[in-house]
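Q: With chain A fixed as given, assemble chain B onto it according to the hints.
If you read the protein sequences in the order shown, they are chains A and B.
Its first residue numbered 1, the first sequence is counted upward by one per residue in this note's numbering.
Its first residue numbered 1, the second sequence is counted upward by one per residue in this note's numbering.
Read the hints as simulated data drawn from the structure, not as lab findings.
Just so you know, these numbers come straight off a predicted model, no measurement behind them.
All residues carry an ideal CB built from backbone N, CA and C; glycine is no exception.
Warning: the hint list may mix true and false statements.
Derived, one-sided and incomplete: chain B residues facing chain A with beta-carbon distance under 8 Å [to be verified]:
id, residue
1, D126
2, T194
3, R205
4, H270
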Amino acid sequence: MARDSQAALIALNRFGFGARGGAAGDFINAASDPRGFVLTELARPNGALLEVPGLLSTPELGKQVFDYQFEIQQARNAAKVAQQGASETPAQGSDAKQPQRRNLSLSTAAKEIAGKDPAMQPQPADNANAAMTPSATMQPPTMQTVAGPPKPPAQPLNIIQKTFRAEALARLQRGVVADCGFVERLVVFWSNHFCISANKGALARMWAGSFEREAIRPHVLGHFSDMLKTVEQHPAMLFFLDNQQSLGPESRAGINRNRGLNENLAREIMELHTLGVGGGYTQDDVTSLARVITGWTFAGRRGQLGAPGSFVFNANAHQPGPQQVLGKTYAQAGLAQGEAVLSDIARHPSTAKFIATKFARHFVADDPPPALVAKLQDTFTKTDGDLRALATALIQSNEAWQAPLTKMRSPYEFLLASGRLLARNPEDPGRYLNGLNLLGQPLWSPAGPNGFPDTAAAWAAPEGIKLRLDISAQLGSQLADRFDPRDLLELIAADAASVETRRSIERAESRQQALALLLMSPEFQRR
Amino acid sequence: MDCSESLMLQATSRRALLLGGASFAAWAYLPKFARAADGRDPRFVTIILRGALDGLATVAPIGDPDYAGLHGAIALKADGPNAAVMLDPFFGLHPAMPEFSRMYRAKQAAVVHAVATSYRDRSHFDGQDVLESGFPGPGRVQSGWLNRALEALPKGERVTSALAVGPTTPLVLRGAAPTVGWAPTALPQAADDTAMRLLDLYQHRDPTLASALTQGLQLEKQAQGNEIKPQPGGGGVAAMRLVARGAAKLMAADDGPRIGALAFDGWDTHANEGGPVGRLAQLLGGLDGALAEFQSGLGARWRDTVIVVATEFGRTARINGTEGTDHGTGTIALLAGGAVNGGRMITDWPGLKPANLYQARDLAPTTDLRAVIKGVLHDQFGLGERVLADAVFPDSAPVKPMKGLVA
Chain A
1 MARDSQAALI
11 ALNRFGFGAR
21 GGAAGDFINA
31 ASDPRGFVLT
41 ELARPNGALL
51 EVPGLLSTPE
61 LGKQVFDYQF
71 EIQQARNAAK
81 VAQQGASETP
91 AQGSDAKQPQ
101 RRNLSLSTAA
111 KEIAGKDPAM
121 QPQPADNANA
131 AMTPSATMQP
141 PTMQTVAGPP
151 KPPAQPLNII
161 QKTFRAEALA
171 RLQRGVVADC
181 GFVERLVVFW
191 SNHFCISANK
201 GALARMWAGS
211 FEREAIRPHV
221 LGHFSDMLKT
231 VEQHPAMLFF
241 LDNQQSLGPE
251 SRAGINRNRG
261 LNENLAREIM
271 ELHTLGVGGG
281 YTQDDVTSLA
291 RVITGWTFAG
301 RRGQLGAPGS
311 FVFNANAHQP
321 GPQQVLGKTY
331 AQAGLAQGEA
341 VLSDIARHPS
351 TAKFIATKFA
361 RHFVADDPPP
371 ALVAKLQDTF
381 TKTDGDLRAL
391 ATALIQSNEA
401 WQAPLTKMRS
411 PYEFLLASGR
421 LLARNPEDPG
431 RYLNGLNLLG
441 QPLWSPAGPN
451 GFPDTAAAWA
461 APEGIKLRLD
471 ISAQLGSQLA
481 DRFDPRDLLE
491 LIAADAASVE
501 TRRSIERAES
511 RQQALALLLM
521 SPEFQRR
Chain B
1 MDCSESLMLQ
11 ATSRRALLLG
21 GASFAAWAYL
31 PKFARAADGR
41 DPRFVTIILR
51 GALDGLATVA
61 PIGDPDYAGL
71 HGAIALKADG
81 PNAAVMLDPF
91 FGLHPAMPEF
101 SRMYRAKQAA
111 VVHAVATSYR
121 DRSHFDGQDV
131 LESGFPGPGR
141 VQSGWLNRAL
151 EALPKGERVT
161 SALAVGPTTP
171 LVLRGAAPTV
181 GWAPTALPQA
191 ADDTAMRLLD
201 LYQHRDPTLA
211 SALTQGLQLE
221 KQAQGNEIKP
231 QPGGGGVAAM
241 RLVARGAAKL
251 MAADDGPRIG
261 ALAFDGWDTH
271 ANEGGPVGRL
281 AQLLGGLDGA
291 LAEFQSGLGA
301 RWRDTVIVVA
311 TEFGRTARIN
321 GTEGTDHGTG
331 TIALLAGGAV
341 NGGRMITDWP
351 GLKPANLYQA
361 RDLAPTTDLR
371 AVIKGVLHDQ
381 FGLGERVLAD
391 AVFPDSAPVK
401 PMKGLVA
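Next comes chain A alone, as it looks inside the complex (with noise of 0.2 Å):
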């Protein structure tokens, strides 16, 4: 046979998000020319770019949130005024409510004012005496009788669940409607490299889908150190690692409010996004770091810094003064500093070997081939960063070619390439949302700054492969009538396929079975 069906397997399933059911004749390209199948997409100009009517601006997005709190705060402090009138012993309740406040997400502080926020995903750390009380689910217990009745109909969202499903949404189209997926799933590998986390707040969970588009897809076929730039000043990475909130010590700001560092994106800066840890930087080089981008945060609701909800640097709270990092002394002031710092780490020896074997990693092996890693390191080097020549390395080897397929899909990559199959081009996002919380990859919500894990092991748990099963039993049941499962084998693996899966989706006892069987099976899982 002329046609590689082998290689069509792995252009679909390592690259891209699988094939799509109907007529699309994906598996059929793919045979025909691997590498061209899975290239062609980098050629698109703008191919990366999301633009969709109706989603806004990070400034635009943080208004809409600030607004909001604004209102709610109003809310707040009226049914403050309200409790006091009506109690007598407000000591007790007071006290133990007044010191979170500064931590509670949007989220909860609207439920306690009016109950008007269904539960949305997890909140850390919010809300722990809620939770334990059966009958008010979604309500703390001082909202009942606010609330009035027992079950109040399903809330209608709020500005912020209605903007993060509108992004979500954008994004799930987008990968179930693209060839291939290759550039989508560069998307998803850098938006984890540099990820921020939705349950940080109400400003992140906002900002979550608006930073992905503005400042990793821009820059997924341009330079590392643009992506890098535009990351480390959006505003949401400077919300979601506490930069907006660090001083200079001994700048104004900082010495008028007796403020100073938080060095929790400067670190990450050095150990998640560019050298890795072992990468050659100290404690000090953190600290200085820290003090290098002192200042760099975003305007407020007010907008005294600039328009509300924008990137600004704000030299009042920037550490006067030279600084050296990993040995190079940086005199420049203001924000240069710090754009000349992250210009150098971008491209550091240790930050071409972290994103090279990173980028192996997700895309090859859990243990990637070292020609393969030694090859990408080269190409970033040689190319200042360009992501494009690395993307494109990465398919011209012949190494990530001939490895076997022993990775799995994450649960991102399972649900879209089972709405691709099933040609599902979702309307709604909460399938996929739900899908993805219980598979525990819930969407722009990794647990901390590194992302949600990439290695086989994470992924196949016991529980999570029992997760997919149902899952797949459940699409099984509610689809299968519209298929035969034999013709989407074709369409997935064609001749790729073991005789053996095709003799279990034969011998199912139903369509429905036949369904589950196949999307379960390693040709549909391992990529």
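A: Coordinates of chain B only, in the frame set by chain A:
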């Protein structure tokens, strides 16, 4: 079109809550002990706090003249509103932990202070690797100290019931000794027949997935009948309690697991950590609740139980510019359980004078965490010093097991 949505919606807000910050896994076998003589049936649980717990905020050295200045606005105080609970004239326990305080007074809990693993840098992920792997330094190690301890124990019957929450086993319990996991689910189950056919396919084509699926199926079956239904809306704090409740219920059973591990996320308090109330206080309340769940859930077995709570490293002695603390070194370990020789502060206190701080910023570690865990494993399960120094905590011979931790 998306007709599965409503079904999954119900399931997921619950599951998401659990995945959001807490997990549990257990050894798949009952250890076989020659302990019929004293009738003891020891239980051991380790709770890993991921993100680096501020030990100075949890068990505060209020008697140290430098403490209040360093911990600034978030320092605990011996008196006034929300005062710390003084464990002795020098150390005060965070007021969000009344259950632990009660256990301490009942001599069923102890605190080890100024403790650290052998790791001296400040990366969470490397620090957790060292904490959980038990190796002296970070690396891509695939097994944990607790799993290697299990390998040294006489293997008894396979447990008929066990649970784990979360799609992955924590590193501390990963390794060659088989472990089990389970999580509650409200999803309709795939039919047994479908599962068996898939298993058959995996056995022919993908042994790794065959093994994973086998375990997944077994655990789901075993866990049925356990009514562990998390309530939505609680976040990580409620999850701690719920996971502990489930774990205790299964570990209390005669045929339940004896040795398990939990991991709680969310302790990385860089900003607005809060003092006696606030963010850390909420988390500590969750941990306190989890310990209480173990005590009540284990019932009569509590008297044979030791729980060790540990974290990858501590936080800076001085608060940072945002009323939080950055990554540090020395911290605390907590011991709780009826078998603990408790009511004690165990510490060689290094002091908080600038010259005494590690790298002039962190509480200096004076106790090796491995000594604590070795001591517990020795007393609780009779593991020999040699095994502990070679297999469980490789290259740790100079770190002697701490004596007298178990009553």
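Q: Could you tell me which of the numbered hints above are not met by this structure, giving the numbers in increasing order?
A: Of the numbered hints given earlier, the structure breaks none, since each of them holds.
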